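Student: Put the two chains together into one complex, using the hints given.
Going line by line, the protein sequences match chains A and B. Per our numbering, residue 2 is the first one in the first sequence, and the count goes up by one each step. Per our numbering, residue 5 is the first one in the second sequence, and the count goes up by one each step.
No lab work stands behind these hints, which were simulated from the structure alone. Quick caveat, the model's predicted, so the values are computed rather than measured. The C-beta atom is built at its ideal place from N, Cα and C for all residues, glycine as well. Among the hints, erroneous ones may be present.
[Stated by the list, open to error] To be clear about the criterion: a stretch of chain A counts as covered by chain B if any three or more of its residues have a C-beta under 8 Å from a C-beta of chain B, and this derived list gives those stretches:
| no. | stretch |
| --- | --- |
| 1 | 173-182 |
| 2 | 198-207 |
| 3 | 220-230 |
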Amino acid sequence: MKLKHLLLGTATLTSMVVTAIPASAAEIYIPLLTYRTGAFAVSGAAIGSGMADYLNMLNERDGGIGGVKLNVEECETGYDTKKGVECYEQVKSKNPIVVNPYSTGITLQIIPKAAVDKIPILSMAYGLSASADGQNFPWIFNPPATYWDGASMFVKYIGGKEGGLDKLKGKKIGLVYLDAPYGKEPIPLLEALAKDYGFELKLYPVPASEAQNQSSLWLNVRRDRPDWIYMQGFGAMNPTAIKEAIKINYPMDHFVGNWWSGGDDDARPAGPQAKGYLSFTFNQTGTNFPIIKEIEKHVVEKGKSLFPKEKIGETFYNRGVLNSIIIAEAIRNAQKISGKKEIDGSDLRRGLETLEISAARLKEIGAEGFASPMKVTCEDHNGHNGAFVTQWDGTKWNKVSDWISPIKEKVNPLIEQASKDYVSANAGWPKRSEPCDKSS
Amino acid sequence: MDLLYKIFIDPFMQMGQAPDLLVQTLWEGLVSGVLYALIALGFVLIFKASGVFNFAQGIMVVFAALTLVGLYALLRRWGVAPGDLAAYLALLLTIGVMFVLAVAVERLVLRPLVNQPDIILFMATFGLTYLLIGLGQLVFGGESKVMIAEDLHLPSGSIEVKMLGGFVNFQKIDIAAAVIASVMVAGLAVFFQSTRIGRALRAVADSHRAALSVGISLEQIWIVVWFAAGIVALATGIMWGARSEVSFALEIIALKALPVLILGGFTSIPGAIVGGLIIGIGEKLGEFYWGPLLGSGIESWLAYVIALLFLLYRPQGLFGERIIERI
Chain A
2 MKLKHLLLGT ATLTSMVVTA IPASAAEIYI PLLTYRTGAF AVSGAAIGSG MADYLNMLNE
62 RDGGIGGVKL NVEECETGYD TKKGVECYEQ VKSKNPIVVN PYSTGITLQI IPKAAVDKIP
122 ILSMAYGLSA SADGQNFPWI FNPPATYWDG ASMFVKYIGG KEGGLDKLKG KKIGLVYLDA
182 PYGKEPIPLL EALAKDYGFE LKLYPVPASE AQNQSSLWLN VRRDRPDWIY MQGFGAMNPT
242 AIKEAIKINY PMDHFVGNWW SGGDDDARPA GPQAKGYLSF TFNQTGTNFP IIKEIEKHVV
302 EKGKSLFPKE KIGETFYNRG VLNSIIIAEA IRNAQKISGK KEIDGSDLRR GLETLEISAA
362 RLKEIGAEGF ASPMKVTCED HNGHNGAFVT QWDGTKWNKV SDWISPIKEK VNPLIEQASK
422 DYVSANAGWP KRSEPCDKSS
Chain B
5 MDLLYKIFID PFMQMGQAPD LLVQTLWEGL VSGVLYALIA LGFVLIFKAS GVFNFAQGIM
65 VVFAALTLVG LYALLRRWGV APGDLAAYLA LLLTIGVMFV LAVAVERLVL RPLVNQPDII
125 LFMATFGLTY LLIGLGQLVF GGESKVMIAE DLHLPSGSIE VKMLGGFVNF QKIDIAAAVI
185 ASVMVAGLAV FFQSTRIGRA LRAVADSHRA ALSVGISLEQ IWIVVWFAAG IVALATGIMW
245 GARSEVSFAL EIIALKALPV LILGGFTSIP GAIVGGLIIG IGEKLGEFYW GPLLGSGIES
305 WLAYVIALLF LLYRPQGLFG ERIIERI
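Just chain B, with the same shape it has in the complex (with noise of 0.2 Å):
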């Protein structure tokens, strides 16, 4: 009984106790939701154009981070002056970085293996995976790096607003954090639904070989996708490295994006988006208020649960696409 009670009754109890605290919940929740969606939105554009689950996203948020940050302390080495012409000098040159690598995927890791099962492209990110963690750790050393959110002139410091008996906390970075990846994420989801080669793009997941056969060129849209996927670990990299620190411990955080993709669909932009909110909020309502029953710590998992329920009643995420396969 007492669990019953501990279970149904008293989590909305403290609920109602203490509303500043849930609200605070529902922030935190919000913004990490937002940064979840953003990295289940680079997993997504490049499912959509190869079909491919690219493994390698998560190491792709460490090591466009880890150039941004490499490339600052290079700059600066060089007597590049003041600290904001270096950083947005290093910015620039690492969304070239992110090209390079997206041109390099495309000429030595696709373009070999067209047409070949998906298994094998996948198997061929997890090569990708490791020769991304060797390069970053060769160039840029295996210590954890400062992020440059200042230099970046990204916000820092806190507002407290004073509110229903208590107070919230919103740190400066976090809104940033959320407005960016918003309009990241809008903007991605327009260009991809509303442009040419967002038509070319859902042409190519349709099909390589029928898209080759229109002439659309399979070789620019998996350029243009890879490179797409690279902004958006760049963008996830700097706003969870200002957040907390830039480490290879971020390509774990990346794999959160897995239960996103499982609710929303491996296929589905506003899958990505309503996953990660459904996700973010959810784990954190879950920690906070029903962790302690479980001795703390269920963040790790719940996720998995929560999409695991979804996947019960709709086994293709909520916005995918159902496949039926006719033997």
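Here chain A stands alone, though its shape is the one from the complex (with noise of 0.2 Å):
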């Protein structure tokens, strides 16, 4: 009887919890949506870890941005599209500067919402490519690169390695994937730059469900000997799939990761035979940057952080520093742009629309080389900007590329299109209103 009142008492407590308590007005409200659990906790621990110490470091050192208070909320979502988009519902009475859907399956469904609700939705090199497009999405933005552009810098970096793109002719190319909607976001660039360049594209799709379970797709893997292999993973498929690609004798140093696909625990798991694989990532790994030692000071230390001490500064922990990085640089810029310390929604998408991260100001903050400085605009929600490949040594991540920029000329003119294809897919999509603000 004792348990089941406290069962009870438990299951009502934390519901009163989560629906009940308000932002309040001297605190500017910012709800993470997390994934600390299920089958994609590998990635999702480390990156929801990293955006909220960074937030919170901001909150212990400072006080804040500009004197107020962040009130920095998780809700788990378990990378499930219909828990994410409770998470939004939940979430949006409360007032939120900004959403982070963490997920490109959430980010689809509340995209058409975010214009309607007048809340900026930070997609960070996620998401719909599309979006990227400031006049026909202006309350989504997705910094520093879009999936396109990360399947575009493939490409390009396997045409440095061939002798040139045109020796890409007659190649075969494969693309193991996540068979949901982030999985498949690359499919429409890849299958263009294929007729473009003459290689040949194998699609090799990992439903969740057999995501530790991928022994017939490596073999199709095997029969078919791809050139060269660009993971579109996420979450448990990526050990798994390295582990397989291992035991057909795949070389490692001809498969590549796109940058959610280059954790730590993704490659740690397949040990010293993993040596060799590649990545894509827009930022540095390791603690060697004042902005992490700051986290360590004011987070880690005391105690707050979610994330085990030792795995600070790994490449997913990092990834959730930059995406904060954004939100407190777009916060102080809708501060600045607004004059006013409690900015809502609709300030911080001008923050958003007039954000410049130079390289001047990541050495301000303590993250010099951390990332590729970036510039949003009105009408370029992303930027485009470049990434680097990194290769597994058995321990850690290195640096192997210098930053590989998009195919531009390619990738633009597409996601202008497919703007255009979900604007008329969609009636009754409305048109921009929101003035363009002078960049900050």
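Tutor: Below is the structure:
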């Protein structure tokens, strides 16, 4: 009986905590849709912790931004689109200044809601590639690069390795991808590039339920013998794919993950044989940056981080930090533009749309060389910035290429077309009414 | 015409042209099948003893593997060295945890629900699933872990055999998984078919009240089968964890036992074994030879299609009992 009461009481209390606490007027409310549970927690826990820890560090060290405290609240999605949409509906009544869906599936569902609810959506290097078009998607931001940019960088990289893009003619290129909106996103771009450069694209979908059971898919790879493989994987799918690639003797230095397939926990479980596996990234790893040291000092050392101390500085953790750098810089920018300290979603949209994080600013906040400088404009909500290739040496990632810029002349026309197609496919899509601010 | 060729001729041509790949596919199917059979066995044991489909069997696989890895990390932190000593100690402690779990389930879930309709017990296993998910995440965290295969002296690496004009790769961990799973399946089958507890188990499966009336202790039987299911879950977690990693995604794989059970019958140990092999080999052959016709990635639903095809002819499964209810 006591147990029954305890469970009932806990459940009631939990639901009250989740639903009843309103965001205080003296705070800026930033909900983070995260997933520390489920099949994708391997990536989600690191990203979520990086995001939360940087914002909490600003609270601890500076008392927030511009003197206003940040109210950071996580909502667990389990990387499930339905739960993510529930989270969005749950947080929107609390006047969030921005929503970070951290799932392409969730992002696709809430894109149509953003303009109606006046809540900017920040999908940092994920989500709908076409939403980089600020004219049709004024409330959606996806800097620093789209999946189409990423796939074009991969083609550019392997073109370089083969001796030129023209040498890709007749080559076989495989795409191993999570069979979900996220995984499918680069397909149109790769199909277009296959036509332009004359390579054959082979598709290898991994259903989410088979993330840890991929042996037959890799037998297909063994049969087809693609010259290069690009992986758009996530969570538990990645280490399994690397192990299976090892099993069929696929050369690791011809296996390239996108920027969500290059976490430390993606390569580590495969052991020393994963040595040579490549992955794109747009942020540096390690703790050797003042910004990470500050997080360690103000959050981790005080026991306020949910992430294991020894894993601070890993790729996905630092990715989460970069996500929050963008939020924080956009808040500062919005405060400057609007002249208000307590900004709302509309103000932050303006802050994001005129965001410029220069190399000097990165240095100022202790993130020199941590990521590439980025600039968002009214027309271009992405920036189409570059990324670089890292290689797993058996214990850690090492940078093995210069920054590679996307093939913009191929990507940008496709984004424009995809954006137009999206609008025409969604009858009644609102015309942009928001004026453009001057860049800060 | 072209489609008919691709369905009925081309796959068999491929089998003939690259027989090494056929052998490799069959081997992969066999390993998966044996592991599916092991998972299915966990379901069958509990279903036989209590008439309950234990929805929590999948999460028990994750929970057992997480407990093993978590306890190992704890022992190493406490300075237990060398690694293999800590690993075997953690294994023993995990077996202890699975026993405690079996006792707790009997005391807190099953005993208060004796003689309740099966659906109530089934729903209780749903609750148990969420409890174990929450408990696992609370204690061990949500992130994936690497299985301590090396410290448990499980083999690593592979044996590449040149044959049939190509090669077939046998991962040593897969060989170990197939052997261990086969031994466990055989051992459990013998234990429950030929021992006193096995007979008592069958009596409990027929009727709780009748079993009680002849002096069989329901509590004891339930603890035994839940503990056995826990051991099966631990073995599955170790093997699958070593082949991939220990994450909550393993729970989804465990649900692959569903079509195995539909195929083999919920009450049959031989059914679980044969069903596991049919599903394992069938889905690998299907995905490899016919999958590309449908855009690949058909493995996730093919198992259910195979099971449904069998169901059309034998609704009780291959070895299941035909249940006739008179109204």
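Student: The structure should be examined with respect to each hint, and the outcome stated for every one.
Tutor: To see whether the hints hold, each was checked on the structure:
1. 173-182: violated (count 1)
2. 198-207: n = 4 at 8 Å, threshold three: holds.
3. 220-230: holds (count 4)
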